[in-house]
Amino acid sequence: MRKPREGVLVAALVAVPAAAIMLISTVMASQTPTLDEKLTAELGQTQAWVRVWDSAGNPVVQAPTVPEHVQSAVEGDGALEGTDEYTAAEVEALLPDGARTIDLLGASTFLHTPDASARATLTAGEAWDESLAGIYTLVDGSVPAADDEIMISPTLASVAGVAVGDAVELADTGEYTVVGILSPRVDGSGTVFTTSGAPVAVGALGEWGINGSMTWYLVDTPLSWSDVQELNRQGLVAYSREVVTGPPVTGGLTPIEQETDAALLGAGAVGLFAAMLLAGAAFAVTFRRQRHTMAMLGANGAHGSSLVAVGVARGLWLGLAGGVVGGVFGIALGLGWDYVLLHWGGAEGQYSTWGYHVNWSHLPLTAAYGALVGIVSAWVPALAASRLDVLGVLRGSTRPPRARRWTAVLGALAVIAGGAAMAWSARLLDQSLDLAGGAAYAQRSQASMILVAGAVLAFGGLALLVPVMLRLLGRAAVNAPLAGRIAVRDASRSIGRTAPVVAAIAVTIAISTGLILTLDRGRANLLDYWTPHAPVGDAIVELGFAIEGTADQADIVVAAAHDVLPDAEVTVFDAFLNFNGVEPGAVDMSAVPFLLAPEQNVCPELIDPEFSVSARERAADPRCDSREIDFGPWTSRIVVGDADDLAALAGTDPGDAALDALAGGGVVVFSSSFLDEGTVTVGFYDVDGGEFPDFGSLPDESLTLPGAFQQVAPGTMRVGLAMVSPETAAEIGWPSQPTSVLIDADEPITEQQQAQLSAAARMPDGSTPWVYVGGGPRDTYAAVVSAAIMGVALLLVFSSVSIALGLARADARQDDFTLASLGASPQLARSVAAWQGALIVGLAGAIGAPVGTAWVVVQGFSTLDRDYVLPWWWIVAASLALTGVVALAAWVFTKVPKAVHYRLAA
Amino acid sequence: MTLDERPALAMRGVTKTYVDGETTVTALADVTLDVFAGEMVAVMGTSGSGKSTLLAIAGALLAPTDGEIEVDGRPLGKLSARKLAQVRRERVGFVFQDYNLLPTLTSLENVALPLDLGGASSATARSEARRALAAVGLRERASSFPDELSGGQRQRVAIARAIVGRRRLLLADEPTGALDSVTGEAVLKGLRERADEGAAVVVVTHDARHAAWADRIVYLADGRIVDETRASQPESLLTGGTL
Amino acid sequence: MSIKHSLLVLLGEGDRYGYELRQEFEGRTGGVWPLNVGQVYTTLERLERDGLVTREESDGGRQVRYRLADVGRTEVEQWWSSPVPVQKVGRDDVALKIALAASTPGVDVLAVIHAQRRAVMTSLQDLNRAKRTGSDEAWELVADALIFRAEAEVRWLDHTEARLAQRTPVTASGTRGALQTPGASAPDAVPATGEGVQR
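Protein chains in written order, with the numbering used here: chain A, 1 to 906; chain B, 1 to 243; chain C, 1 to 199.
These are computed hints drawn from the structure, not numbers from a lab. The reader is advised that the hints may include incorrect statements.
Stated by the list, open to error - Pairs of lysine-lysine residues, derived as DSSO-like cross-links and limited to a Cα-Cα distance of at most 30 Å, are as follows: (1) A:LYS38 with B:LYS78; (2) C:LYS4 with C:LYS131; (3) A:LYS895 with B:LYS189; (4) B:LYS189 with C:LYS131.
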């Protein structure tokens with residue numbers, strides 16, 4: 001009864017899922033801020049912050065602990081009283097008397113060095129004050145002592161190439177000296193920290209005002225809930241330490257509840273199942289080996305129930321040990337995951353991971369779970385052992401368990417039923433695309449539940465079919481090499497030790513496959529719908545409006561582009577003046593031309609927000625393509641140019657229809673919604689008089705011109721949504737000037753180059769034109785998470801396989817001697833182990849990968865975007881590679897048995 | 001036997017000691033034994049006399065502490081582990097008391113094991129195995145698994161495995177231990193036939209009747225050979241004997 | 001050895017002459033126990049006297065044919081159904097010799113036992129060889145009987161040796177008898193005597 005090696009194996013089997021549980025727990029805990037962390041991140045060491053919500057001072061009501069959750073408390077129909085806006089002094093008067101405050105203004109600005117310019121967030125005020133430590137952290141240097149001393153964030157320092165002691169310019173407000181580096185908790189984009197008296201801050205205050213952009217931190221004065229409510233009545237919101245640490249029972253808005261993560265519950269249930277399978281296998285094996293001893297006990301009068309008690313007690317202790325050890329290991333893994341996310345997950349990783357948190361209360365739960373698994377898994381074999389045919393065992397009969405046919409039939413039925421359920425779910429999801437609104441949502445929910453049921457059923461059925469599969473493989477293995485034959489036969493004869501391991505690994509593979517494929521599809525979809533700011537890797541520089549013309553600006557930008565990117569192709573585009581940038585009175589805006597899309601070309605949902613269509617209808621309606629909707633059913637952004645300009649925008653030779661339209665006094669549109677049977681309508685609106693295009697409003701004057709459609713490269717619509725020739729522009733009668741410069745670079749433009757461009761393109765008046773660089777969607781987070789999932793899955797697979805092989809080797813000692821006595825090479829044992837490893841993982845993959853993949857396929861029916869092609873050959877290659885790696889590892893790590901005399905070996 | 005023929009098995013001064021905890025156990029002490037082709041030698045002795053150790057050393061499963069062993073004239077002492085395995089595969093057939101069949105293989109596959117291990121083609125291995133099974137009268141049980149066979153059948157399969165490929169040295173360690181007397185007789189008769197066909201057979205047994213099948217009986221006590229008997233000239237039953 | 005019942009059995013199969021009975025007997029028992037003709041006739045006369053057989057006249061000649069009487073038939077049936085009595089006290093030369101050796105000082109009883117066993121084992125090997133070369137089923141049957149009894153004797157000798165080895169050896173002069181003959185094989189069939197046997 002006391003073979004320590006077997007005990008270790010069993011405990012290890014329980015440790016694996018325990019580790020998984022604590023891993024998930026640790027990671028989730030690390031993604032949840034503790035109260036202290038949250039308070040520190042929001043308040044530093046201060047007591048509360050206050051912001052203006054309703055600038056007119058109308059009362060609001062906020063959620064006590066989530067001040068972003070605010071609603072207007074004005075009774076009646078929402079017509080707000082007054083348009084007077086708060087001044088800083090008025091706000092400060094509302095704060096408790098004598099309270100010491102630090103006010104921080106948030107705005108944006110430009111940082112210029114001789115070599116680079118970069119956009120940055122501006123935080124003006126004493127952000128470096130000690131009481132704000134925790135929100136901002138001093139990294140290097142010292143704090144500003146004068147209005148021309150500033151601090152910058154580490155990201156900005158790296159992007160702009162600035163170090164402590166350098167001189168920089170901020171916007172056009174003069175020179176500043178960088179005296180220190182200050183880091184916010186999450187340093188995504190760059191930040192500049194100045195005093196409130198710094199010229200740039202003063203200018204920003206004038207431009208942006210305090211409402212929504214200024215935050216008052218109360219350093220020492222606590223705010224009670226009633227204090228907060230009083231502020232709410234004045235249209236202010238507050239985040240108070242006192243309220244957060246002792247939230248009121250009633251009053252205020254209820255914060256939105258976080259949904260319990262269904263994924264976590266699902267993972268827990270699956271983990272329990274897998275653990276019991278694994279542990280049950282180990283117990284079955286150990287009890288089989290102890291049958292003889294137990295039969296002796298039975299023959300000597302030991303009562304059945306005491307045998308069960310002994311077995312269960314052993315299960316309890318081993319399970320407990322496994323749960324504790326596995327749990328601790330899982331915590332270590334979770335902390336490692338946190339480290340990876342914090343250091344390689346980019347800004348998203350830093351944002352989501354609050355620190356190295358361990359939810360210690362889960363550890364005893366995990367230990368209890370381990371004990372439970374140990375007890376339950378030991379129960380059945382102990383029961384079986386206690387009801388042994390004592391004489392049969394002592395006589396040494398070793399008949400294998402007869403194959404129970406009903407399990408195979410049940411398994412096949414379950415697979416069929418599960419597959420049918422999954423297919424039905426797919427159909428339901430597909431049909432839901434024809435429903436709208438709540439009905440669609442309800443059907444999708446139903447389909448999700450059916451999908452889960454179907455997947456579980458299919459998986460369970462496949463697991464039940466494992467013995468059959470092994471037996472078939474056994475028969476097919478007749479021509480396999482000896483090691484393979486032994487491996488297959490041994491696996492199919494020791495189903496109790498093989499099937500549970502296969503099932504557990506299959507579960508791991510199914511879940512990982514499903515998760516990774518879902519992430520991959522998300523990434524692919526993201527790519528599909530991604531609309532870059534500019535053509536990917538290239539830049540569009542937008543020139544501002546200038547009454548005297550922007551030709552000079554264009555020249556400066558072109559020169560800058562040639563300077564920074566000598567090999568790039570630079571095109572300057574003229575376009576109609578953007579009426580938004582025009583100073584009142586500078587231009588006669590009584591007849592501003594707008595290109596109008598006929599209402600029948602506009603997506604109905606834009607016209608009437610109540611209008612609800614099914615997803616399929618919306619997709620079938622080309623008018624409702626999301627990319628179209630972004631740019632609206634009317635525009636005044638019309639490019640004026642020639643065929644070469646058109647080619648530059650299109651990225652290819654323009655179509656004949658477009659060229660004809662351009663030459664023939666017509667309009668080339670880049671969005672077909674503007675076309676109405678080959679014509680385009682230009683409406684003239686009296687903007688000076690407050691007239692603007694809207695649904696149902698007709699312009700006083702309009703012009704109908706021939707039109708044609710031309711497809712342009714993604715990201716170029718920033719330049720314009722249509723093009724006319726200069727002659728046509730004159731006919732329309734609206735002035736045009738250079739508005740954008742397209743820089744088509746050979747290599748994708750880097751952030752540093754973007755900063756250099758900005759610096760080089762500074763205008764004489766100090767302003768900097770907007771430089772848009774087209775980039776792809778950021779998907780590093782998804783990649784990191786996928787890698788982490790694969791890592792954990794591999795760990796689980798390897799542990800399970802080594803446990804299974806360990807059990808198999810323990811069973812095979814007698815056979816080892818026989819083979820050695822027959823002259824088998826000592827490597828044979830390794831070959832057998834390799835084959836067994838490959839068999840277990842191969843079978844598990846054959847079960848798990850299809851189920852996980854089918855899940856993803858069915859889920860794909862919930863959207864209309866069916867373009868995602870499953871990376872089939874990746875899936876197959878990964879499965880084969882995994883099998884190969886496991887076989888190789890088994891071969892390497894199996895100890896060669898020594899041929900010892902069998903009387904000494906037994 | 002002719003003197004210029006090499007013995008199939010030659011053990012010279014073989015000693016085997018091992019340490020068991022605090023004590024040193026001498027399993028064999030200075031054992032010298034030659035077994036020639038065509039003769040059957042029985043080894044008798046009480047438990048602990050070293051019989052099984054002697055057989056294990058003869059079968060290249062154990063290395064002696066001292067002394068030399070030659071199988072078919074090849075000294076085993078100088079051989080690498082790989083070569084020893086080859087010797088076991090190609091020259092020595094071992095029959096155990098516990099049959100030691102692989103439960104995961106059919107009878108045919110068990111019998112074919114030595115050939116499979118030696119890399120013979122599966123067709124050759126199968127046909128040789130069938131011959132061996134036929135020789136022990138179990139041809140029709142070729143696709144049965146060991147746990148579907150009776151004890152006697154299992155032992156016969158083990159013998160078939162020992163003789164497959166026509167190995168010249170057969171070592172049997174208490175092959176009839178778990179069998180009834182009639183089946184046991186059949187087993188010994190089978191071994192005798194192998195000897196008559198030219199194999200060298202060494203049988204360890206505690207059963208005098210079974211030992212009587214041998215040409216020579218060697219007696220072990222405390223690891224030493226203490227006596228040896230042979231059949232006298234074959235006469236009619238009335239002479240000799242004590243009845 | 002009494003052949004009374006054997007003759008009755010043979011007569012039960014049919015009337016026989018005396019010499020026929022002898023031939024039949026030897027044939028059926030593998031010639032292991034050759035019979036003296038005189039012994040046959042003497043036994044037949046005694047059987048006739050006891051009424052178990054009857055004499056039948058033959059057609060001329062001195063040969064007498066015998067027939068089994070009803071009493072004889074009954075006797076045969078009884079013989080079949082009753083076991084051969086185990087001899088409680090019989091002359092067992094071997095047991096006698098060893099019992100004496102065990103209690104006589106100066107005699108190496110273990111050597112005596114070894115010598116006896118050597119002889120029995122040798123004869124066992126002989127019996128085995130003879131059995132292999134024989135072809136008669138009756139012969140095999142009888143041979144097996146001898147073999148098993150020889151084996152029984154070997155087992156008794158082993159058992160006795162084990163018991164006696166545990167007790168202190170009986171010596172008259174302080175020298176102990178060697179328990180083992182060292183080393184080399186001894187192919188001769190002459191029983192070895194141990195060293196130091198005192199007479």
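Okay, the hints, checked on the actual structure:
1. A:LYS38 with B:LYS78: Violated. LYS38 (chain A) to LYS78 (chain B) sits at ~75 Å, over the 30 Å cutoff.
2. C:LYS4 with C:LYS131: 28 Å, holds
3. A:LYS895 with B:LYS189: Violated, at about 41 Å.
4. B:LYS189 with C:LYS131: The given pair, whose Cα atoms are some 12 Å apart, holds under the 30 Å limit.
Comparing the model with each earlier hint shows violations of hints 1, 3; every other hint is respected.
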